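Colleague: As a plain string of letters, each chain reads:
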Amino acid sequence: MNRVISRRLIYLLVIVSLSIPLLSDFILRPAEMKTAEDSYSLVQGLNQKDGKFVLISMDFGPSTSAENGPQTKTLIEHLMRRRIPFGVITTYPYATPFLESYPQQIADKLTKELPAESWKYGADWVNLGFQPGGAIMIQSIAKAKDLHEVLKTDGKGTEISSIACMTKIHSINDISVLAQITGLVGTFNTWIQFFQNNDYRPEVIHGCTSITIPEAYIYYATGQIKGLYEGVAGAAWYDVLLSKDYPTRTTTDAPRINTSLATAHLVILGLIILGNIRSLVDRFWSKS
Amino acid sequence: MRKLQRIIISFFTFIGGLYFFLEFILPKTIGTFEFGAYHEQILKGVQVIGIMAIGLGILSIVRVHSKNILGQKTGWSNSLVLLLGFSLMLAFQGANFLDERTNNSIKKKIELEKKFLIIVDKERESKPVKPRLNALASELVQLQTELSTRLGADDQQKNKFDELHRDVLGVSSDFTEAERLALEAKFSVISESVSSSLDTYLENSFSKKAVDLFSNGLFVPLGSAMFALLAFYIANAAYRSFRVRSVESFLLMSAAIIVMLGQIPQGPMYISEDLPYFRLWLLKNISTPAFRAIFFGSSIAGLAMAIRIWFSLERGPLDESEVK
Chain A
1224 MNRVISRRLI YLLVIVSLSI PLLSDFILRP AEMKTAEDSY SLVQGLNQKD
1274 GKFVLISMDF GPSTSAENGP QTKTLIEHLM RRRIPFGVIT TYPYATPFLE
1324 SYPQQIADKL TKELPAESWK YGADWVNLGF QPGGAIMIQS IAKAKDLHEV
1374 LKTDGKGTEI SSIACMTKIH SINDISVLAQ ITGLVGTFNT WIQFFQNNDY
1424 RPEVIHGCTS ITIPEAYIYY ATGQIKGLYE GVAGAAWYDV LLSKDYPTRT
1474 TTDAPRINTS LATAHLVILG LIILGNIRSL VDRFWSKS
Chain B
485 MRKLQRIIIS FFTFIGGLYF FLEFILPKTI GTFEFGAYHE QILKGVQVIG
535 IMAIGLGILS IVRVHSKNIL GQKTGWSNSL VLLLGFSLML AFQGANFLDE
585 RTNNSIKKKI ELEKKFLIIV DKERESKPVK PRLNALASEL VQLQTELSTR
635 LGADDQQKNK FDELHRDVLG VSSDFTEAER LALEAKFSVI SESVSSSLDT
685 YLENSFSKKA VDLFSNGLFV PLGSAMFALL AFYIANAAYR SFRVRSVESF
735 LLMSAAIIVM LGQIPQGPMY ISEDLPYFRL WLLKNISTPA FRAIFFGSSI
785 AGLAMAIRIW FSLERGPLDE SEVK
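Residue numbers (my numbering), protein chains in the order written: chain A, 1224 to 1511; chain B, 485 to 808.
Keep in mind the hints are simulated off the structure, nothing from the lab. Heads up, some of the hints might be wrong.
Rough simulated footprint, nothing fancy, chain A against chain B, three-plus residues with beta-carbon under 8 Å [unchecked claim]:
no., region
1, 551-557
2, 598-610
3, 633-644
4, 695-706
5, 722-728
These figures come from a predicted structure and were not determined experimentally. Glycine included, each C-beta is placed from N, C-alpha and C at the ideal position.
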């Protein structure tokens, strides 16, 4: 039996199951995710005129961008459509290419869809760049009396005080929501522990990879997280919710990646069942 | 000497730990005394020390891998690739950083010149307007020269600057509000046009394209590909190792299948529409309490470790055994 399903065949099955949905238009409707619906409702409920903004901490690198990328893109799209200003920041150096490319990609996509409107860097979003220092840096932002003094410049070296969407943002009290998206262990705990002052803590949305979902539920169950993206499946359901409210939009890559992963999941399930059948047959033959 | 060094390190570790511990637990003010009055400055200091560690890390990488290459030790070619990649990225990123800094300095100059108009207007009683505006006009000429050196000849931009230059020089000695507002508007137009030209210049610069190639063209896809290999190993391991040999393993496998199918499209499609809700129930009521218990355990262990580091009970880099 071991020879029947060799390692090469398993690898081939995985590559075929992953590739077909990615290369074709075969997309399945994602499973419903209550946690993603909570994230959506939170963003939908934000007030555009209260002068506050959303801080997105993109603490992920290329290794988990297949899951964290679609989460970030759907969130950014929702914020841009609702004209809620936001800032992207990271405590992870490998995330810096995404800080620049993701918001710009979404802005280009929206401008193509709605040529009469425009989304501009500085007015709609700001890239606060990579901030070294981990927990210490998070505390610095949370306890800063003036964020302009702590951060000084954006990721391109422009003074924060001259960036339009940052003129009214001076302390943590001006941040309505923190969206922390990561595939790393321990980063989210640090944000949730230190991103608060004595009187205030922003609402929190968390985007995690599938493998860290059980850990994220600890905070979701207690209400410390108001909304959660459970891997790419969460992003795919968020994408469905966006399409309900904005029917003319084109979808992000979330449903496609989700379909691809789903077929791969089925292949893995099939392999587990086959492996157990093999084990039973082996045991039967050894007894007889 | 080494003993003294150890004492100094232990002392500062203890003081640092004590400060952060007290800062976290004490109220903001005790009477009139504010314990965390200089907290922001202290945090900045810690960040600076962290950044110095990055410098030390770079030095260490260069030293270790240079030794490998010079001594032609096993795997020296890997060291060569590492140092080559590191140097190229440092050079391109550095050039890009300098480009960005020069662009920002030009943009800032225009903004400052625009603000200068308001200052001239405010201080008109104490300082005469005309000489100050003449100085502003000569600054504009300098700025225009700096821009054309950087971006090359651009007649349209030059005409705009010439026009503004004439307007600044032609302002009456009264410097009316209408004149100031008209000049401010022209400064805004020029500022926008210069910003756009500088951004386009940066986008098309060699350094920016090289950085994009190295990060988006090499680093991101290579990083993703490395992690993607995991899928193949997981599939192989699942087939070979996931065996139902006991009640516990049967329960574990059942839970895994429900959670897996509840998250992907096929489960609700072919099995039950309620599968995602059952998955949610499992995660909330079974997995979370267990995970929380594990988390408490590891946190207590972490706390014990932190206390050991705080009191310098852990083995440090200057300990005899480490030095040997």
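Colleague: Now tell me, hint by hint, if it's right for this structure.
Modeller: Hint-by-hint comparison with the structure:
{"no.": "1", "hint": "551-557", "result": "violated (count 0)"}
{"no.": "2", "hint": "598-610", "result": "violated (count 0)"}
{"no.": "3", "hint": "633-644", "result": "violated (count 0)"}
{"no.": "4", "hint": "695-706", "result": "holds (count 6)"}
{"no.": "5", "hint": "722-728", "result": "holds (count 7)"}
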